[in-house]
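Undergrad: One-letter residues, chain by chain:
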Amino acid sequence: MQEITEDVIRQAAQGNVEAFETVYKAASSFVYNVAYRVIGKREDAEEVTQEVFLTLHHKLKGFRFESSFKTWVYRITVNQAINMAKREAKTRDKMTSYDEQLEVPAISGGVQENIEREYHNKIIDDLLQGINPDQRSCVVLRNIEGLSYEEIAKTLKININTVRSRLKRAREKLLATRKQMSYGQV
Amino acid sequence: MDKCKKFRDLILTDYIDAQLDGVSKAQVQEHLHQCATCQAFFLEVKNKLIVPFEKAPHQPVPTHLWGIIEERIRQGHSRVSVVDFIRGWIEGITFPRLVPALASLIMVVFIGSTVFVNQQVKQAQDWEGGTYLAYILSSTGVSVPVNNHDLGTPIEQYFL
Chain V
1 MQEITEDVIR
11 QAAQGNVEAF
21 ETVYKAASSF
31 VYNVAYRVIG
41 KREDAEEVTQ
51 EVFLTLHHKL
61 KGFRFESSFK
71 TWVYRITVNQ
81 AINMAKREAK
91 TRDKMTSYDE
101 QLEVPAISGG
111 VQENIEREYH
121 NKIIDDLLQG
131 INPDQRSCVV
141 LRNIEGLSYE
151 EIAKTLKINI
161 NTVRSRLKRA
171 REKLLATRKQ
181 MSYGQV
Chain Z
1001 MDKCKKFRDL
1011 ILTDYIDAQL
1021 DGVSKAQVQE
1031 HLHQCATCQA
1041 FFLEVKNKLI
1051 VPFEKAPHQP
1061 VPTHLWGIIE
1071 ERIRQGHSRV
1081 SVVDFIRGWI
1091 EGITFPRLVP
1101 ALASLIMVVF
1111 IGSTVFVNQQ
1121 VKQAQDWEGG
1131 TYLAYILSST
1141 GVSVPVNNHD
1151 LGTPIEQYFL
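Protein chains in written order, with our numbering: chain V, 1 to 186; chain Z, 1001 to 1160.
The following block holds chain Z by itself, in its conformation from the complex:
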């Protein structure tokens, strides 16, 4: 039986798949002639496991498949083109012809913003300075007008 087990293992793999060398193949065939049980096993394996696979048809490849693959390949290329486009746009900014125009624009914006900010600061300082001085003087009892238009009203004259 051990001998049959060994041959059955070969029948199930190398023998049925024609992977044995001439000597080993002859040994298996000789055993099959002598052993009816192994002969039946061989026929069972062949008819139930090998023949159905041989008779099973190859599935036709769906005809639309290449179109999808081709489209996906082209989409892949177009994605690269978008990246290239963005890279080119960034490179275009530093292109020598655009540098003077860009520098002029930056200068105009800088000067304009500087003038505007200075005006705003000056206005703020004028108001804050006058208010603060009036507060200091009022607390010391000295009345010095911050602006001339603060004097001369009836109510101010009454308190002073």
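This is chain V alone, in the form it adopts within the complex:
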């Protein structure tokens, strides 16, 4: 997430829409991408992004700068994304076969860059959908957004050892899933 000055945050808190747009521009990529990776659906990620920024706009007046603004945004985003992912998991069609989830198109050597990006994208989508939302949020914050264990612990309000154990279990499962996948090594 890009840096946001305290002055901009204060102006946004006072109702300045342009200042709030600056906050949006700095944070929207993080919010949208975390939501998308945790939930796995673009439409739901859009909805979560909207809700996150409306929540921020609503609660910005009460932000006292006692904690990091970034951590606050991370927390709101991850909580909303996990809630959405859990709701989705309950309503998801249970008949979707495991093999369908793992299906990734085979590619040959010398592929275009955009095809390769899409290929990695598909792998990530499939891998992440195989672990629970709590583990998924830890993996996304660490592997995609690059947060440290301490930052993840603060964001999720959990012990740092819980972060460690969630990552370990998630990766054990992801590794087993990767071994089952029919495509070759990346």
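There's no promise every hint is true.
Stated by the list, open to error - Listed below are several chain Z residues computed to face chain V (Cβ distance under 7 angstroms; list not exhaustive):
hint, residue
1, LEU1049
2, PRO1052
3, PHE1053
4, LYS1055
5, ALA1056
6, PRO1057
7, VAL1061
8, MET1107
9, PHE1110
Just so you know, the hints here were simulated from the structure itself, not pulled from any lab data.
For every residue, glycine included, the Cβ atom is placed at its ideal position computed from N, Cα and C.
Based on the hints, put chain Z in the right spot on chain V.
TA: This is chain Z only, laid out in the frame that chain V set:
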């Protein structure tokens, strides 16, 4: 093997995520130089779990999203304006300039309704009183006319 298990746990988390301090990191690296199985495990974790995430592109934020959020923020403000409007309207009723006019209107309505109700009650009493008296007198056999126009008809004279 227990030693390898311990190192594999570190490889799967703190080592691969660069969260170890210098001493612990050196210990893991020394073990990796000595143990081919753990070395293979490290490469597997790196290639299958870390690299795909590093290569996965960040998704571009849909361009229309800010417009929707901005609109929803403005709608939120307009909802507040409606509430303010209703509150202002209620406050306007009690505004001092409107009090005399409102009091006059209430007085006119009160007086008018009082006159109308009195007339209705009087009419009802006149009718009910005359009918009741005629009934009492007829039951006692005394014939006293309630109204003069009740006497003098042939049929009344026949019975009396």
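Undergrad: Does each hint hold? Answer for all of them.
TA: Against the structure, the hints:
no., hint, in the structure
1, LEU1049, "holds, 6 angstroms"
2, PRO1052, "holds, 5 angstroms"
3, PHE1053, "holds, 4 angstroms"
4, LYS1055, "holds, 4 angstroms"
5, ALA1056, "holds, 4 angstroms"
6, PRO1057, "holds, 5 angstroms"
7, VAL1061, "holds, 5 angstroms"
8, MET1107, "violated, 47 angstroms"
9, PHE1110, "violated, 49 angstroms"
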